[in-house]
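**Student:** These are the residues of each chain, in order.
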Amino acid sequence: MTALVYVKKLLRARRFLAELSRTTLFIGCGGAAGLVIGSFSGSALAIGVGAAGLTFAATRAGMEHNLRELATAATRVDRQQPSSAPAVAEGVKPTDIEALVRQMLGKGRYALLLRPEVVPNLNQRQFQKASDALDDAMAMVPAGEVVIGRWGDQDETAANAGFGSPGTVVRVENFYLDRFLVTNRQYQEFVTAGGYEEMAIWDPEIWPGVLDFVDQTGYPGPRDWNRGRFESGKDDHPVVGVSWYEAAAYARWVGKRLPTGAEWEKAGSWPVNLSVGSRPQRRFPWGDSMDRRRANLWGSGPGATDSVYAFGEGISVGDVHQLIGNVWEWTTTTFGNWSYPARDVVLSTPMKTIRGGAFDTYFDNQATCQFQSGEDPVARKHNLGFRCALSVCDLAPAPGDAETPETAEPHEPPRAADEPVAAVVAADEEGACV
Amino acid sequence: MNRENTIDLDSYRLAQYAVQVPCYICDGGNTFDAELCRHCFAPMALAHQASTDKVRPQMLAAIGPSGAGKTVYLGMLLDMLSRQNGDLQMLARGAFSITLQQITMAALSRCEFPTKTPNEPDRWNWVHCQLRAARRRRPIELMMPDMAGEAILEEVEHPGSYPVIQALLKKCAGVMVLVDAMKLREGSLDEDFFTMKLLSYLIELDGDRKRGWSRRPIAMVFTKADRCEECFLDPAGYAASHASGLMQHCQERFERFRFFAAGVAGSCAYLPTPDGGRVNIPLRIEPRGIVEPFEWLVSQLRP
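Line by line, the protein sequences give chains A and B. For the first sequence, the positions run 3 to 436 when my numbering is used. For the second sequence, the positions run 142 to 444 when my numbering is used.
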């Protein structure tokens, strides 16, 4: 067994080196993240060709040959395993767009089909299918302002003691947020398709570290998986034991990204800007008081992860499930940006903000839409998962849609003259469209 | 000029003063209205409450070096047992028994750790509780103090300097020995040595072959294990690889011991203090492995 693991690791390492030595294959889509369509084979890549800012490796054929060879070798080593080679769209003819679309939809990668570069190659029916898939799986959160970093008690005593903060006003653009946490079944598609070898979707700084993202048996995958598979019966449970980098890579693989802390809070607390200075924001997606029956927290659930479809009563106004409870959720925001404003926290390692509380979160005030905690981006915890987001401006407008998000006149909520709006696009946040 | 006054003689008071009330911990005599034992500073309420019980309360203790997390562990444990409807349920006896839980929870919910337990025994928090276990017909009466680590160290180095610790540990039915897993991982041998000293002290305290410490249950708890996952997966293996001296000590001198891992904070950070130092703060509270060592210890107690 150990030898097998070693051989597989070696193969992965070789694959990485092979890719490193060649031009990276990805299509820049104008956003912060490259839109990777490495799993499209051969000339089917033409789907995305034509858009500006597109790079294409000249040595594609040679590299594919190399990869196929390695994939065959890997299969020889252990035939029991799902192939860990980059998916080469098996059985799909390069020009068969219909089959490709079907395959992409089957793997939950509909967001890629809705990119402006891809949409011109789809017919109306295919576009509609992808669009429906998006509406089914993701909830639209309208643009607006949200007060972020407000936490603790707001009364005078607490404020005097340096505990609690009134927060900062942040503007968030239109975006879509996954209605459910990413499940084991969904993540399995990514692992099986060889997502851990598609280095273009990984942040360059983590490339050497990707080889370390293995399961209990040494196969690429979340920490607690076994031989590249999740535990049976946990299909609908949120995927846990993934680092921030793995979450970000998955998000790119499906054509999405991770939400920023501000976006996450906006989706949960659903602020309504009625008048100047008045911003009613919910503490919990369902209202202002804790109701433990609506969320999987300590003492209210099975004491472990539960199905992402459970606890339906904890749904937010915008139809997003389990923002509170079940597992913590990774965001792109650096921890410390919006938290503890009155307290200068020193971190032993840079952290990413995590939100929402988990099945073992003990206190009510740590499972609110406002509470922020931090975690090392390479940590792979048993109670930490993620959901993805997608900026509306990264999507192609529907055919015949006169008013595109870019041209639509944004409705500005009333704001006090002296009230500053913080720029939401920090260096580490890829929330807004570029 | 003298005035003659008639003063009632409260003869019943004199009679009460004449009778000494023994402290439940050290058996030293006290007056009936003493709040703390004048010999060992344990609350006399323990003795008064015990005298009303049909069964004699048993004693457990959480011991370990300073900063190992005794206060957090005990406070968290008490709160969890009094909140959940599991196999083990706890009911505090006497208002003083809730103080430890209260201060720990107040600090943790604010994302802070409770302040250091003072070294003076008269300022320690004691807990007297009734424990209902699913498999036992009768509830168990338990007493536990939250002692200061430095005081324990002092007593271990110089037996007799803290009579309360000596008296308590003589009578304890079992102990939870807390060891900082993070310090062990960093290669600090202090934890290893201190714990071995503590265990040697216990054996010296009562070396009786039938009822002495070699036969009493000992739960070895690695605290702060939330920051090293391998400790949770295999606490005994962790002990073997990071505290081999301790492991060997346990195997040779104790018959009933087991290793556990516990953690309270998901991750931690530091907060600068005005005096230029820094304090450790938890970034969230997610208890893990807190009840298990206690549950095992209780299951080992004689009915």
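Take the hints with a grain of salt, since some may be wrong.
[Stated by the list, open to error] Derived Cβ-Cβ restraints for the label pairs, each shown as a range:
| id | chain 1 | residue 1 | chain 2 | residue 2 | range |
| --- | --- | --- | --- | --- | --- |
| 1 | A | 282 | B | 177 | 50 to 56 Å |
| 2 | A | 104 | B | 385 | 56 to 62 Å |
| 3 | B | 177 | A | 237 | 47 to 53 Å |
| 4 | A | 237 | B | 256 | 44 to 50 Å |
| 5 | B | 329 | A | 290 | 43 to 49 Å |
| 6 | A | 282 | B | 174 | 52 to 58 Å |
| 7 | A | 209 | B | 341 | 47 to 53 Å |
| 8 | A | 276 | B | 375 | 52 to 58 Å |
| 9 | A | 290 | B | 375 | 55 to 61 Å |
| 10 | B | 277 | A | 276 | 54 to 60 Å |
| 11 | B | 411 | A | 301 | 55 to 61 Å |
Please keep in mind that the hints were generated in silico from the structure rather than gathered at the bench. Please read all numbers here as calculations on a predicted model, not as lab measurements. From the three backbone atoms N, C-alpha and C, an ideal C-beta is built for every residue, glycine too.
**Student:** Enumerate the violated hints, using their earlier numbering and listing them in ascending order.
**Tutor:** When the structure is compared with the hints, numbers 3, 9 and 11 turn out to be violated.
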